[in-house]
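Chains B and C: place on chain A using the hints.
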Amino acid sequence: MLTDLFSPSVQHSLDIAGIFVFAISGALLAVRKNFDVFGMAVLAEVTALGGGLIRDVIIGAVPPAAFTDLGYFLTPLLATVIVFFLHPEVERITKAVGVFDAAGLGLFCVTGTVKAYGHGLGLVFAATLGLATAVGGGVLRDILAHEVPSLLRWDRDLYAVPAMVGAALAALLLRFGALDGLAYAVPVVTAFVLRLLAMRFH
Amino acid sequence: MLTDLFSPSVQHSLDIAGIFVFAISGALLAVRKNFDVFGMAVLAEVTALGGGLIRDVIIGAVPPAAFTDLGYFLTPLLATVIVFFLHPEVERITKAVGVFDAAGLGLFCVTGTVKAYGHGLGLVFAATLGLATAVGGGVLRDILAHEVPSLLRWDRDLYAVPAMVGAALAALLLRFGALDGLAYAVPVVTAFVLRLLAMRFH
Amino acid sequence: MLTDLFSPSVQHSLDIAGIFVFAISGALLAVRKNFDVFGMAVLAEVTALGGGLIRDVIIGAVPPAAFTDLGYFLTPLLATVIVFFLHPEVERITKAVGVFDAAGLGLFCVTGTVKAYGHGLGLVFAATLGLATAVGGGVLRDILAHEVPSLLRWDRDLYAVPAMVGAALAALLLRFGALDGLAYAVPVVTAFVLRLLAMRFH
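Residue numbers (this note's numbering), protein chains in the order written: chain A, 1 to 202; chain B, 1 to 202; chain C, 1 to 202.
Extracted from the complex, chain A is given alone in its bound form:
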């Protein structure tokens, strides 16, 4: 009962891209925490699929997409392999995590809002689940890694606001039936750029 904004293949490609970049950030945190390769894979899967999993369980879309689409499941494992072999320069890690994370944030806050709205939730709740889709995986990642969720920390750069703006913008566009084709990129890019600006100027 998804709204038919795109051909399924475009939607799917966007999902895979978001999953990949979030998985990279999860695997990199595992490296910093000295977890082994299994821990890397778990954090990659949870960071990439956790937000969508929470959303799907809440809207009753079970089994969740994460457990019906092999591409969703295998992408974080690919990210794990890449991080495992290609992270020699530890000093580059922090910045890379940030940019990847920002891209995933922008994609997920919009796809999450769209899916929740397509399942009949009101606009406020759809946007809230869009936010939850975007930040939920990172919160689960931090809880599993036994860290204070970076989402809540006072000393961190603005993280939630870009996702809130992106989700709210997507909800508004849905409300006016205007979230089709290229318009889809508007809230995604808005959230992504806002996040990059927050990282640079904070």
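No lab work stands behind these hints, which were simulated from the structure alone. Fair warning: there could be bad hints in the mix.
Capping the alpha-carbon separation at 25 Å, the derived lysine-lysine pairs in PhoX-like fashion look like this [unchecked claim]:
| no. | chain 1 | residue 1 | chain 2 | residue 2 |
| --- | --- | --- | --- | --- |
| 1 | A | Lys33 | C | Lys33 |
| 2 | B | Lys33 | A | Lys33 |
| 3 | C | Lys95 | C | Lys33 |
| 4 | B | Lys33 | C | Lys33 |
| 5 | B | Lys33 | B | Lys95 |
| 6 | A | Lys33 | A | Lys95 |
Please read all numbers here as calculations on a predicted model, not as lab measurements.
Chains B and C only, in chain A's frame:
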């Protein structure tokens, strides 16, 4: 398929009251942890709605009430604003958290039991989910705030026992068809008073 | 819609056995953390039933078995009572936790795979949920106890690999329709023995 113990408006008002007091306790913990206002709102929402969310996902009542009722969603934001502007005397915080929490505990252990029973669960499981409704939000709050769940700590006052008594009492009254009208107040007040006594005499 | 591999009573007995041994490990961790008897019961229930609860919510089997079967619910309480009265020699605890945990690991990775497969999931996802069933309770236990999940720690013995082997073996046997009767024991014992070997030789 809820049991029709009350007019919907009375049930709803009780829910809102419980949500409000739990949200206050969540926002106050965020203040103590030096989270920013977004962190306060997240902890307020999670503390207030988390227990009910767990219950609704387990009994299959999706989307959960927290994602279909704007009043449930907005109340914790109101509590966040109040705490944000009115918490200048930090030394009063601990006591306020305790009393608010006790009231929410009493309300939620009963409403949770009633809702689970209304969805066809057995009395033991309904009472267990009543307990989970009452304490689940606080456990999620503590996990997000990266603290040992106060529910489990040896050095804390008795917290779970009042909720267990309230939930068990509610289940017994349901069993004998006697949980109507004023009788509803019996398990709520019992749990509330037991909790206040535990705080004072421990 | 469970696959009819066994008479219900055999399946049920295996489940109860796995629940019991996991509950023992949960209650013993609570002892080490100086939680009170309520905390012991909570950790016992969560460790024993948490993995299956996650699985059931994900496959949409609600209310989960943990909330419909009194035997599942009461077994962890029995384990709590046993640990409460019979754990005087603290030095024996670590080893006991390990052996009990290994047995539960072997049982749950197989029963979880079978149940998920019976609900129509693909073999890869069924095996993944088998793994989640086996290790999910322990992860929830560690999060509630405010510890780094032992599943992810570099310095711990191999824990996940035996469960992965057991779940994959069960999925393969399901694939070829060969997981009946005594064959059921093959993946269970394989995972159990692998785990014991990992504990001894690491």
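Going down the list of hints, with the structure as the test:
1. Between lysine 33 of chain A and lysine 33 of chain C the CA atoms are separated by roughly 23 Å; this keeps the pair inside 25 Å, and the hint holds.
2. Only pairs whose Cα atoms come within 25 Å are accepted, and lysine 33 of chain B paired with lysine 33 of chain A is accepted, the gap being roughly 23 Å.
3. Of the pairs offered as hints, the one joining lysine 95 of chain C and lysine 33 of chain C holds, with about 17 Å between alpha carbons and a cut-off of 25 Å not exceeded.
4. Restraint check for lysine 33 of chain B and lysine 33 of chain C: satisfied, since their Cα atoms lie roughly 23 Å apart, inside the 25 Å limit.
5. For a cut-off of 25 Å, the pair hint linking lysine 33 of chain B to lysine 95 of chain B stands: about 17 Å separates their Cα positions.
6. In summary, the hint linking lysine 33 of chain A to lysine 95 of chain A is supported, as the alpha carbons are separated by about 17 Å, within the 25 Å threshold.
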